[in-house]
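Novice: Taken in order, these protein sequences are the chains called E and F. Residue numbering for the first sequence follows numbering that gives the first Met the number 0, starting at 0 and increasing by one per position. Residue numbering for the second sequence follows numbering that gives the first Met the number 0, starting at 0 and increasing by one per position.
The hints are simulated quantities; they were obtained by calculation from the structure and are not laboratory data. Mixed in with the good hints there might be a few duds.
[Claimed, not checked] So, partial list: chain E residues that the calculated Cβ filter (under 7 Å) puts toward chain F: (1) 132; (2) 139; (3) 140; (4) 301.
[Stated by the list, open to error] Every beta carbon over 12 Å from chain F, so not counted as near; a handful from chain E, in silico: (5) 30; (6) 106; (7) 145; (8) 148; (9) 157; (10) 200; (11) 206; (12) 259; (13) 288.
Even for Gly, the Cβ is constructed at its ideal location relative to N, Cα and C.
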Amino acid sequence: MGFSFDSVAALPSIGGLATESATVAFIQPSTALQLLAFAVLLGGIYGLVALGLTMIFGVMDVINFAHGAMMVVGMYTVWWTATAFGLHPILSIPLAVLGLFAIGVLVHLTTISSIMDAPQENQLIVTFGIMLILISAIEITFSTDPQSLGLGLGSVAIAGVFLPLGQLYALLISISAVVVVWLFLQRTQLGRAIRGTADDRTAAQYVGINVPRIDYLTFGIGAALAGLAGAVIPLFQQINPYLGDSYLINAFVIVVLGGLGSFPGALLGGLIVGFVHVFGQYFLPGSGYQISIFLIFILVLLLKPEGLLGGGVSE
Amino acid sequence: MSNADVSSRLDQARRQYRTFQSKWYATPAILAGIFGLLLVLPLVLDLYFFGFSLGSWISVHVLVITLVWATAAQGWNVMSGYTGQFSFGHAAFFGLGAYGTILLLNTAGLNPWLGMLIGATVASLYGLLIGVLCFRYDLRGHYFALATLAFAELLRHTFNTFSQLGGASGYFKPLPRSYGAEFGFAAFQFRETLPYYYIILGFLVVVTAVSLAIKQSRLGLYLFAIREDESAAAAVGIPTFRYKLVGIGVSAFFTAWAGAFWAMYFDTIRPDTVYELLVNVEILLPAIVGGVGTVIGPIVGAFVVIPLSEVARQSVDITGFDRVIYGLLLVGIVLYSPQGAISWPRRAVELLGAYGPSKRNASATADDDE
């Protein structure tokens, strides 16, 4: 059945760069700088994708396999509202976020909540089932054809480095999302309760935190973050129903890489994977970059299973 | 305590454990019944009963695919069902079996029966590598599931990238005359579907027999002890690391068989058909649906899942509809029947006992498969 993970469209201009310097043994400074810029842009998106995943993982100890599918729902919400109703994509992003929050809460209340105490793989299978349902629903509604907003935002050049505007906006939105979520977790009562639950579920219950309520809110926020991550992707890339998968697999890598439940870890992991992706795509044949990502993942998993910045939330 | 002393005590414990679960002959008897049915099933597909025939719903082809996933799930079950180390990456072994067979056939002209064994051995070694790396560092739960997934994805991308391994376009199965005499058993290729059915049925019988033998032996007792409480098992002196390795090695070997059959049954294999994410799920799903850790479960589960999704695919002309059914099934089974399909008869009897006319005999029938 037609799933493919290789559909994360390469940043378009990398191909041009590759042919240009194929004969050069060393990498030119300007090329390196350009690749670095692409890596940061992509790494930011990856970090955002991993953010919701790591939150659900850290607080509820659930791997949300439907995270990528929720991203896809976010992508199609933006694309659909923009093409069918002429809504500006930037305005339809909050719509996707709210919609996914509702879907997340609904999914949690109907399925996850009743198996929170079951063996861990049960949640994995259930969320995988939800992924199949969501992806197929998108497929049935919008067909499998790739869709594009056709924004043509162009790019800006700073010191000889091209920055595609679509990706730049996406990165800015990601950064603001991270800041908002971080402030929410640090400064609000609810955020403190969520962090407390992540630290110790039983103790949280004892001090009067309504853990089931925290659970559905966390799942909702995680889904909303998936929706946000999906919603910014049509700004710079063609979308199709399977696009979430490649982001999802790398998001798993990032979450484990950074340490589960760790926000700075998600960002660091996102940047690392962004770097490996962009530079690997430039230097290695085929999907060699993806092989490198998995090798790094396996290495970190074996040498430091709690993740690079992990340790706050333990299993 | 001497070694022999320990052995005899363990044997005694095993006997008690087995009798506690069920009569020793219960599972083999049910299995014999199932395999007897499967032996004649393709022959009765075209018979009409009251104007209906099974053949209008399922074909021999669907039965073959069902048995392939049953075989793979039986292999998965030996490791993940018995020891509780949940693998989400058995596509790695399935793919290695498939690629081992086809690669040796295409490049060296090696007979697929031999190639299958070599492929399965390679898969087994890859399993041991995964096991050594993961169990040495004591990865459990989500971490182990994600690690196995990463090992499977690693293979998918490796086979995709290197043209020596077939690249993204994979391999075509050659005609028998390019490596053997003619179509037939020795060539592992046939012009009709029915011989394939009996071969995969044979595989399933072998895998099931080994799986049952493991379960009823002392090895099985150790594996289940690890599943129930690994630290306790280690505390009473069971070398858990070694037995987990045995589990993953055997499991990988048999899952690779299913992959090898897959390669010989279909004309072509590609990384995206044998290593993809959904293959991981298709391997473990029959075991989950049927009943994790039981010998009968994977077979029953495969017959619940695969024909249903095939019928959904054929009868509703919407692309993706069968996957909605598949997803709903996954969610529904885990939520409402975590014990699996083999607990359904007992539950039905219990329901009858609770609501039906005779309340008295209900508890006497709780003697199902373990």
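Novice: Against the structure, test the hints numbered earlier, and report the numbers of the ones violated in rising order.
Specialist: 3, 6, 12 and 13
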